[in-house]
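Spelled out, the chains give:
2 protein chains.
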Amino acid sequence: LTKVILVKLRDRSYPLYIRADLLKQAGPLIRKAVPSRKVALVSTSFLFKTYGRSLMKSLQSSGFCADPILVPDGEIHKNEKTLFNILQKTASLRLQRDSGLISLGGGVLCDLAGLAAALYMRGIAYVQCPTTLLAQVDASIGGKTAIDFYGIKNLVGCFYQPKAVLIDPSVLVTLSERHFKTGLAELIKHGIIQDERLFRKIENNTDAILSRDLNLLPGLIARSCEIKAGIVSEDEREVGKRAWLNYGHTLGHALESYYGYRLLTHGEAIAYGMCFAAKLSAHLGVCSPSIAQRQVRLLKQVKLLRKIPRFNLEIVFRKMFLDKKARSGRILFILTRKLGLVTIKKNIPSSTIFSVLTQFQSETRKMP
Amino acid sequence: LTKVILVKLRDRSYPLYIRADLLKQAGPLIRKAVPSRKVALVSTSFLFKTYGRSLMKSLQSSGFCADPILVPDGEIHKNEKTLFNILQKTASLRLQRDSGLISLGGGVLCDLAGLAAALYMRGIAYVQCPTTLLAQVDASIGGKTAIDFYGIKNLVGCFYQPKAVLIDPSVLVTLSERHFKTGLAELIKHGIIQDERLFRKIENNTDAILSRDLNLLPGLIARSCEIKAGIVSEDEREVGKRAWLNYGHTLGHALESYYGYRLLTHGEAIAYGMCFAAKLSAHLGVCSPSIAQRQVRLLKQVKLLRKIPRFNLEIVFRKMFLDKKARSGRILFILTRKLGLVTIKKNIPSSTIFSVLTQFQSETRKMP
Chain S
1 LTKVILVKLR
11 DRSYPLYIRA
21 DLLKQAGPLI
31 RKAVPSRKVA
41 LVSTSFLFKT
51 YGRSLMKSLQ
61 SSGFCADPIL
71 VPDGEIHKNE
81 KTLFNILQKT
91 ASLRLQRDSG
101 LISLGGGVLC
111 DLAGLAAALY
121 MRGIAYVQCP
131 TTLLAQVDAS
141 IGGKTAIDFY
151 GIKNLVGCFY
161 QPKAVLIDPS
171 VLVTLSERHF
181 KTGLAELIKH
191 GIIQDERLFR
201 KIENNTDAIL
211 SRDLNLLPGL
221 IARSCEIKAG
231 IVSEDEREVG
241 KRAWLNYGHT
251 LGHALESYYG
261 YRLLTHGEAI
271 AYGMCFAAKL
281 SAHLGVCSPS
291 IAQRQVRLLK
301 QVKLLRKIPR
311 FNLEIVFRKM
321 FLDKKARSGR
331 ILFILTRKLG
341 LVTIKKNIPS
351 STIFSVLTQF
361 QSETRKMP
Chain G
1 LTKVILVKLR
11 DRSYPLYIRA
21 DLLKQAGPLI
31 RKAVPSRKVA
41 LVSTSFLFKT
51 YGRSLMKSLQ
61 SSGFCADPIL
71 VPDGEIHKNE
81 KTLFNILQKT
91 ASLRLQRDSG
101 LISLGGGVLC
111 DLAGLAAALY
121 MRGIAYVQCP
131 TTLLAQVDAS
141 IGGKTAIDFY
151 GIKNLVGCFY
161 QPKAVLIDPS
171 VLVTLSERHF
181 KTGLAELIKH
191 GIIQDERLFR
201 KIENNTDAIL
211 SRDLNLLPGL
221 IARSCEIKAG
231 IVSEDEREVG
241 KRAWLNYGHT
251 LGHALESYYG
261 YRLLTHGEAI
271 AYGMCFAAKL
281 SAHLGVCSPS
291 IAQRQVRLLK
301 QVKLLRKIPR
311 FNLEIVFRKM
321 FLDKKARSGR
331 ILFILTRKLG
341 LVTIKKNIPS
351 STIFSVLTQF
361 QSETRKMP
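Chains as they are written, first to last, in our numbering: chain S, 1 to 368; chain G, 1 to 368.
Source of the hints: derived by calculation from the structure; they are not laboratory data. All values derive from a computational prediction rather than experimental measurement. Hints may be right or wrong, so weigh each one.
[Claimed, not checked] To be clear about the criterion: a stretch of chain G counts as covered by chain S if any three or more of its residues have a C-beta under 8 angstroms from a C-beta of chain S, and this derived list gives those stretches:
1. 81-90
2. 110-120
3. 139-152
[What the hints assert, rightly or not] Across the chosen pairs, the derived CB separations fall in these ranges:
4. D11(S) with T352(G): 33 to 41 angstroms
5. L214(G) with C65(S): 54 to 62 angstroms
6. T352(G) with C65(S): 23 to 31 angstroms
7. C65(S) with T343(G): 30 to 38 angstroms
Just so you know, even glycine gets a beta-carbon here, dropped at the ideal spot from N, CA and C.
Between the sequences and the hints, there should be enough to build the whole structure, so can you do that?
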């Protein structure tokens, strides 16, 4: 049966549907989300060939006039050029205010298509079909859309909620090992910030999860989505507890940027970030050392931590202050109290952060 | 004294301040609107020289670190290139999430800067200082931001509310006659759709208004803003009565586009559009012929209607259907019931629209 989770945001509320093979029966769900019968499907040529064609068939049987808009894949194309290419195609396909834009792809593609849907005629109905684990548990919820600009990730974007999200875990089988694990990092993060049971379930099933057991994945994805949806419902525009979701992201983003978004996947970078946040939490006495160790152990167990070339401490430290979360030169840090509970700290002395970062760097040098 | 009108939009409510010479004392009002002391001022070099410097002084005395971002003027620059130039400068000035963007300019500049503020870091505080009558009574209220794209006006944009709008009618003295009258057309429109008294006040004071009498203008602007603010408060995203504000805009936009946005100002185009809407209203029996005549008379009196080259009826007719307001091939028309009261009609037969348009074209050929 299809699991349905509602992201509650008053007049912008929307459902997440989760089920294996959902894309083949997407038409009727998308009919509920789009006012007219005219849609465009934004995807990459690989995903369109692999999953898009059966999605198109389902759309057509539901009475839709659907056209594909194919864009290149990868973070390097998450820019204004691709954005305006999509917008040009929506215009030439004569999409109107009551038409819909559907995305079939990973986080990059969902961020791009979401921004295009937000901006075309000041916003048309948007439906997301995320095809990576990361996009399914993270990018699909909360309405963040963006492109990279001026060398800064997600510098340009807006909040725009989709009308529906269709999550089909069976598409995860074509995902590479590294891409799968980058989503697993966010899944683990959701456990750390809000649900010890979810964390333990991952600890106890690492092998089955890594082999993409479809008996296990839908439930884990649904629980993870529920956690994120609950937080986003309470704080759509990230003024309060939505910042919890940035656990591990302050150092994570700095490392991603430091290594030019190539050496580390997002998940690997935030795995490092979570290790660092855990160590900082223990150092400041916000949690016990064993709570920090348990996080590091699980991240090692799923092989999200691997040895990385020595980084320049000063540069990475400065990059943390360039983060969007920094306000007037102060960093917000999310720390663990215990598994399932985090807290926001605003005034950690720079010297403390720097010294824990120094120690952290020397420890990571000993990793496998 | 400063008039204050509140645009009520729950957590996105904001004040309009109206007063002659307000820009010289803007600092303290902008302090209330922007979380930190860092702002950038988007303007044109002419406006920056004429009004921006005293505004900067006032900002600096209020403790702001303020930098100018100068952009070229004119509809032709209301595109993605100028938008991304502004975004690049906000990035290089290192504006953060709690910084502010201020616009000092007409509608084009406010639309551009508003979109940049909406998109930079997914939205920073935005303050508008509109310098044309059109921007003061129209663009400053309601949060519409946009650029032109694919040859279509305002095709790409979003809804983003400013934190405050500072309206200084004394800047209107440097406005050209044609630019002033384009705002007057919207003022008259606000009278037609919601306030017969305002309409009459304009009828009885056309000469004083055209000579920009500063005893008269602040009151008229304030009333006009109040009307638009009231409508927008009830219908932020234009699903219902906000469409009233499009009175005269269906044919108006079609004519603007037909003449390449050069021959007619926006005000002249919607003046024609309002004449047409009035005639269509009378033709359909929605209002009496005298109500339609009174609108045409006032628009002639302020010389907003002048003879235009014959247009191709078929092309203009088709352009009306390309309007953003058209949904699945049907045009929404706003018609006058009486002065101060309009109504939305969805199902006017194309043949009726075409025959009234044919008649309208032959009448306009007889204009002075």
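Here is what the structure says about each hint:
1. Using a Cβ-Cβ cut-off of 8 angstroms, 3 residues of the stretch 81-90 of chain G lie near chain S, which meets the minimum of three, so the contact claim holds.
2. Residues of the stretch 110-120 of chain G lying with their CB closer than 8 angstroms to a CB of chain S number 3, which satisfies the three-residue condition for coverage.
3. Counting residues of the stretch 139-152 of chain G whose beta-carbon sits less than 8 angstroms from any beta-carbon of chain S gives 5, enough to reach three: the coverage restraint holds.
4. Checked against the hint of 33 to 41 angstroms, the pair D11(S) and T352(G) passes, with Cβ atoms roughly 35 angstroms apart.
5. Between L214(G) and C65(S) the CB atoms are about 56 angstroms apart, so this pair conforms to the stated range of 54 to 62 angstroms.
6. Between T352(G) and C65(S) the C-beta distance comes to about 29 angstroms, which sits within the given range of 23 to 31 angstroms.
7. Here the CB-CB span from C65(S) to T343(G) is close to 32 angstroms, well matched to the stated 30 to 38 angstroms.
The structure meets every hint from the earlier list without exception.
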